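Engineer: We have chain X; now place chain U onto it with these hints.
Take a look at the letters that make up each chain.
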Amino acid sequence: MSAAPSQLENVSVEVRGLHKSFGSLHVLKGLSFNVKPGEIFVIMGPSGSGKSVLLRHIIGLEKPDEGEILIQGEPVNESGLRDKYRIAMVFQSAALLTSLTVGENVGLYLAEHRLKSPSEIAAIVSQKLEAVGLKGVENRAPAELSGGMQKRVAIARALVMEPQLFLFDEPTAELDPPMAVTIDEEILELKNRTHATSIIVTHDRPMALSLADRVAMIIEGQILFIGTPDEVRRHPDSRIQKFINAKPPVSKPRNMS
Amino acid sequence: MFQNIGEILVLFWRTFLALPLCWRQRQKISNQLFEIGNVSLLMVCILSLFIAGVTALQTGPVLVEHGLGSVLGGMIGLSMCKEFAPVMMAILIAGRIGSAMAAEIGAMRVYQEIDALRTMNIDPVTYLVLPRMVAIALALPALVMFSIPVGWFGGALVSAFNQRIAINFDSFFHSLRDEVDPADIFNGLFKSFIFALAIGIVSCHQGLNTRGGPRAIGRSVTKAVVNSIVMILILDYFLTRFLLVIPK
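Which chain is which? The protein sequence lines are X and U, in order. Heads up: the first sequence begins at 1 in my numbering, then just goes up one per residue. Heads up: the second sequence begins at 1001 in my numbering, then just goes up one per residue.
It is worth saying that the hints were derived from the structure and are not from the lab. None of the values given here were measured: they were computed from a predicted structure. A hint or two may mislead.
[What the hints assert, rightly or not] Facing chain X, a subset of chain U residues (Cβ under 10 Å, in silico):
{"id": "1", "residue": "1104"}
{"id": "2", "residue": "1112"}
{"id": "3", "residue": "1114"}
{"id": "4", "residue": "1117"}
{"id": "5", "residue": "1119"}
{"id": "6", "residue": "1127"}
[Stated by the list, open to error] When the alpha-carbon atoms are kept at most 16 Å apart in a straight line, the in silico EDC-like pairs for lysine to aspartate or glutamate are as follows:
{"id": "7", "chain 1": "X", "residue 1": "63", "chain 2": "U", "residue 2": "1115"}
{"id": "8", "chain 1": "U", "residue 1": "1028", "chain 2": "X", "residue 2": "104"}
{"id": "9", "chain 1": "X", "residue 1": "29", "chain 2": "X", "residue 2": "68"}
Note that CB positions come from ideal geometry on N, CA and C, so glycine has one too.
Chain X with its partners taken away, still in its complex shape (with noise of 0.2 Å):
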């Protein structure tokens, strides 16, 4: 196992080309775009568009059938790069091992990679738990958590990674309004205190379009558009207004009859 990187700079993301298919189902079809250093970059798009899957390339868990992914220029599945970047991601299910209490969860990379003392990763955990708002639940199991809490645990256990890119997979799903504003507030201020680079895959469109330094419109694995909230907002397309503006229809609600 690794020890922590010597220096914390800020990372560049690039994805060239991208394919990939699951058997006969083409699922990202050359996706290629930019992240600069430090930079927000939100990915946003229908259900089943590839949002999730192209996530998992960029941090090394699928391989892709085509093209590459550069961190930092470097290819991402390239021995030691993880070694040298601190990268981390919080999981759409949060993803927390159901063998550990809450903070062992937390402070499990701290742990397994010996980068602090037991009563130090204790306080980290403490910190960082109070920081997404769960103060006390070091010692319960994630299944005694709900969902919303579950995921508030795993960004918890993100940020103690003190990550360099950070990935985010649906950050805000089940969350409340307010914490999804305490978790928008927490990825504003890694970014002010850190400069990490980040990537996120949300359907929150407020998330989004406040975040977001830039935002990446993928529809059928195919990226539409890349541009700012603003470019976002005006933009012609009618597939891109249809998500960005979608709104109950008020008119004619369901389970009235």
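Structural biologist: Just chain U now, kept in the frame of chain X:
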């Protein structure tokens, strides 16, 4: 099938390379050891008593009828050391512990916990496979070591109290002492060590290769147990051949 064998060998090699990290994983190894011992000890005791008892019951009357009652202790002693204890305990552990390993790792795979480990740059082989492999490789020979005398006692008990056999404890253990060498016990322990490695690696491999949902976990568990038992029986034949040709 050949791809699976290749993957199992690669996993075994990676686990072997991770061995220097054992000390770091000592807490997990001791948890696994406790788990294996705690779950299995009573079953080992019951199984050993009754296997040896049934063997005595089946063979004792025939041997006594032919005037060969004096060899019964040696026969039970040898069969427990060299065959019954290592093979039956390995099958028991494949069913109880191998299945648990495949289920736990399989669930971690399905619910993205292993992906989460990898994002934290924590090697699943070091974190999950190594402690289980070390624990099972220590625990199975220890259980066999416990099983052998319990089996001897079971055989002696049946031999003494069954009217058609009626060989007392002294005669039984006298015959056993004459036939059983420490090398025979080592023979069984060596076999059980190899069986343990086979169960551990097959079960962990099945767990790590689980894809899909809860149904896939069930399939992995079944495959882990069945493949482990098949491996145990195949290995048993070749290990027996090998151990028969090396001098005591």
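Engineer: All hints are to be evaluated individually against the structure, with a verdict given for each.
Structural biologist: Right, here's what the structure says about each hint:
1. 1104: holds, 8 Å
2. 1112: Since the shortest Cβ distance to chain X is 4 Å, the answer is holds.
3. 1114: holds, 9 Å
4. 1117: At 8 Å from the nearest chain X Cβ, residue 1117 of chain U passes the 10 Å test, so the hint holds.
5. 1119: holds, 4 Å
6. 1127: Result: holds, 7 Å to nearest chain X Cβ.
7. X:63 to U:1115: holds, 13 Å
8. U:1028 to X:104: holds, 13 Å
9. X:29 to X:68: holds, 13 Å
The structure fails none of the hints (numbered hints given earlier).
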